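J.: Using the hints, position chain B against chain A.
Quick note, the sequences are listed as chains A and B, same order.
Quick note on numbering: the UniProt record's numbering labels position 70 of the first sequence as 70, and the sequence is numbered without any gaps.
Quick note on numbering: the UniProt record's numbering labels position 195 of the second sequence as 195, and the sequence is numbered without any gaps.
For the record, the hints were derived by calculation from the structure and aren't laboratory data.
Possibly wrong hints are sitting among the right ones.
Restraint ranges, calculated between C-beta atoms of paired labels, are given here [to be verified]: (1) A/E110 / B/F285: 26 to 34 Å; (2) B/H257 / A/A72: 54 to 62 Å; (3) B/G72 / A/D28: 26 to 34 Å; (4) A/T114 / B/D196: 46 to 54 Å; (5) A/T114 / B/R61: 53 to 61 Å; (6) B/R61 / A/K13: 43 to 51 Å; (7) B/V78 / A/R86: 22 to 30 Å; (8) B/T71 / A/T77: 41 to 49 Å; (9) B/E33 / A/D82: 51 to 59 Å; (10) A/R86 / B/V281: 26 to 34 Å; (11) B/L10 / A/D82: 30 to 38 Å.
Here the structure is a predicted model, which is why all the values come from computation and not from measurement.
Where is the CB? At the ideal position from N, CA and C, for every residue including glycine.
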Amino acid sequence: MAKALFDKYGGFKSVSRIVMAFYEKVLDSDEIGDFFDNVDMPSLIDHQTKFIASLLGGPVSYSDERIKKAHASLDLTHEDFDEVGRLLKETLTEQGIEPQDIDTVMREIESRRTSILSVGTP
Amino acid sequence: MSITAISQQLLRAIGVGIAVLRGDDLHFLFWNEPFSEWFGKPDSGSSLPDVLRDVDMEEIRAALQQNGRYTGELSVKVKRRTLVIALSIAPANADVQDLYVAECQNITRIRELESMIDSYSSMVERNTRDLEREKERVERLLLNLMPRSVYEEFKTFGVVTPQLYESVSVVMLDFVGFTRFASEHDPTVTLGELNDIFTAFDRIAEQFGCERIKTIGDAYLAVAGMPEPSPDHARAVANCAVRFVRYLERRNQSHQHKWEARIGLGTGSAVGSVVGIQKYVYDVFGSAVNLAARLQAFASPMCVVAPGTMEEFLADEFHLTDLGKQDIRSFGELRLMRVSPGTELARKARQF
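Pulled out of the complex, with its shape left as it was, chain A reads as follows (with noise of 0.2 Å):
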């Protein structure tokens, strides 16, 4: 993954855009939100924060094994994970994210699938 992504939009002025619309959009959908109801605050900005700036090649790399572990109690669905997938999708296209970019980040995101969803391939 390039880093180039993340300094092409301008390096964390981007990232803390993105992570702050995404938030507000996992927050209020009705399909994924409740995971996030007892989550604090500080944490799940942190850990976007993070998931963010990896996925566009910023200066943090979160392992399979870290992703793994965040997501294990959660007992996801693959509709939970494309539901995931559908808001930042469309978080970035309202962030301005040219659309050969948003595949790429997209295919960062499906590549660990497996990962997120402590599932083997569907």
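T.: For chain B alone, coordinates are given in the frame of chain A:
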């Protein structure tokens, strides 16, 4: 519209949560839309603690009495979002405390951004630490390739300019029968042996003020007097040389593979510089280096040979044996001598 009506309208319209409380018992007299969105609609006759259950009434009363106003922060959960609300309560009229105004500002976004900045800065700091470590690793690596002072020049100016050192000494060592050993043994064995021996040589060199410049196969080249000039360079290389021999003798007593080396010393001028652009190698050139190489080839196994010109520097400390005049290629006739440990060192050597 009356002034009162307009004021009420205004209070309803703003995005700040406002409630008006009776002075004596803090009962609600008025609240606006944002306030009820965050805390729910106060029932008639309810007072502040009924609605803001998390607040510490003792603290509020104390603050109002002492400072005439209270400021604090509370969090409420609206749907699944935790809101952080800054609450301030102050009398509507400073003189008569019959009415209090509770003002609530939604500072959730500020707190969220603060969390994000915290998160991000911890990432960046970790990254910076990683980079710092990486930088140190690179520096250590470069210091293996060139002396520190040369590295400093390289770092500051981007290049290393060749520098002439008028007076340096060189020690050059080469193993006897290395080619045969290498052909008869597994390369890993050969490498292991060289690594072991050269590591020991490096320690000796460092202790006696020499700097190893390079190894070429089984040849070992170290200098003294550069890049830091030193008046003792001749003694430094001789000290290394006799200890190299002693180390090998001792090692041969306990190791399966026996090694013998020829050692030549040289003295004179040399130029030191980094050679190459992509693959930096700090190297030395000059008559001192050539001389050491020639004398090393001339030396008998486990002998150290030095030019007669070094005599005055070595005579005090070492046992010198005159080898007479010898014809050395590209140097012509030179008086040579064999360098062995002096009585003091030989005595110590017997002790261990």
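J.: When you take the CB atoms of A/T114 and B/R61, is the distance between them in 53 to 61 Å?
T.: With Cβ atoms ~57 Å apart, the hint holds.
J.: Is it true that A/R86 and B/V281 lie within 26 to 34 Å of each other by Cβ?
T.: violated (57 Å)
J.: If I claimed the Cβ atoms of A/E110 and B/F285 lie 26 to 34 Å apart, would that claim hold in this structure?
T.: Given range 26 to 34 Å: violated, Cβ gap about 59 Å.
J.: Is 41 to 49 Å a correct range for the gap between the Cβ atoms of B/T71 and A/T77?
T.: Holds - the Cβ-Cβ distance for B/T71 and A/T77, about 45 Å, lies within 41 to 49 Å.
J.: Could you say whether the range 26 to 34 Å given as a hint is met by the Cβ separation of B/G72 and A/D28?
T.: About 28 Å separates the Cβ atoms of B/G72 and A/D28, which means 26 to 34 Å holds.
J.: Quick check: does the Cβ-Cβ distance between B/E33 and A/D82 fall within 51 to 59 Å?
T.: Hint violated: Cβ distance 37 Å, outside 51 to 59 Å.
J.: Can the suggested window of 30 to 38 Å be confirmed for the beta-carbon pair B/L10 and A/D82?
T.: Because 47 Å falls outside the window, the suggested range is violated.
J.: Is 43 to 51 Å respected by the C-beta to C-beta distance linking B/R61 and A/K13?
T.: At roughly 45 Å between Cβ atoms, A/K13 and B/R61 fall inside 43 to 51 Å, so the hint holds.
J.: Indicate whether the distance between the beta carbons of B/V78 and A/R86 respects the range 22 to 30 Å.
T.: holds (25 Å)
J.: Can you let me know if the beta-carbon spacing of A/T114 and B/D196 is within 46 to 54 Å?
T.: Holds: the Cβ-Cβ distance is about 48 Å, inside 46 to 54 Å.
J.: Taking 54 to 62 Å as the stated bounds, is the beta-carbon spacing between B/H257 and A/A72 within them?
T.: Roughly 55 Å apart at Cβ, these two residues keep to the hinted range, so it holds.
Taken one by one, the earlier hints fail for this structure at numbers 1, 9, 10, 11, listed in ascending order.
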